[in-house]
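Last residue of the sequence shown? That's 67 in full-length UniProt numbering, and every number before it is there in order.
Hints were generated in silico from the structure; no laboratory data involved.
Keep in mind that a hint or two might mislead.
Claimed, not checked - Distance windows between CB atoms, simulated:
{"#": "1", "residue 1": "Val64", "residue 2": "Glu33", "range": "44 to 50 Å"}
{"#": "2", "residue 1": "Ile54", "residue 2": "Arg19", "range": "52 to 58 Å"}
{"#": "3", "residue 1": "Arg19", "residue 2": "His52", "range": "47 to 53 Å"}
{"#": "4", "residue 1": "Tyr63", "residue 2": "Thr28", "range": "45 to 51 Å"}
{"#": "5", "residue 1": "His52", "residue 2": "Asn31", "range": "28 to 34 Å"}
Values in this document were obtained by computation on a predicted structure and should not be read as measured data.
Note that beta-carbon positions come from the ideal geometry of N, C-alpha and C, so glycine has one too.
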Amino acid sequence: MKEDGNDMTANQMSASDTRTDPPARARTGPNEEDRAPMSFTVRVFIYLVGVHFIAAFLFFLFYVAGG
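Use the sequences and the hints to build the structure in full.
As structure tokens, then:
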């Protein structure tokens with residue numbers, strides 16, 4: 001087999017070419033990956049507030065109509 005410059009076999013790799021994994025970190029709290037994106041959080045908050053306003057309005061309508 002003819003070897004060329006693009007042949008990446010284990011024989012040609014040096015010790016600095018091997019992949020080393022970073023040391024594992026101790027988990028002290030929630031990471032950025034564990035949290036929802038800020039836009040999603042804001043949207044859920046707006047939906048919750050909106051639903052409560054609608055529920056309060058319906059409650060008010062039934063209160064006024066019944067009394």
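Results for each hint:
1. Val64 with Glu33: 44 to 50 Å: holds, 49 Å
2. Ile54 with Arg19: 52 to 58 Å: With Cβ atoms ~54 Å apart, the hint holds.
3. Arg19 with His52: 47 to 53 Å: holds, 52 Å
4. Tyr63 with Thr28: 45 to 51 Å: Hint holds: Cβ distance 49 Å, inside 45 to 51 Å.
5. His52 with Asn31: 28 to 34 Å: holds, 31 Å
Of the numbered hints stated above, none is contradicted by the structure.
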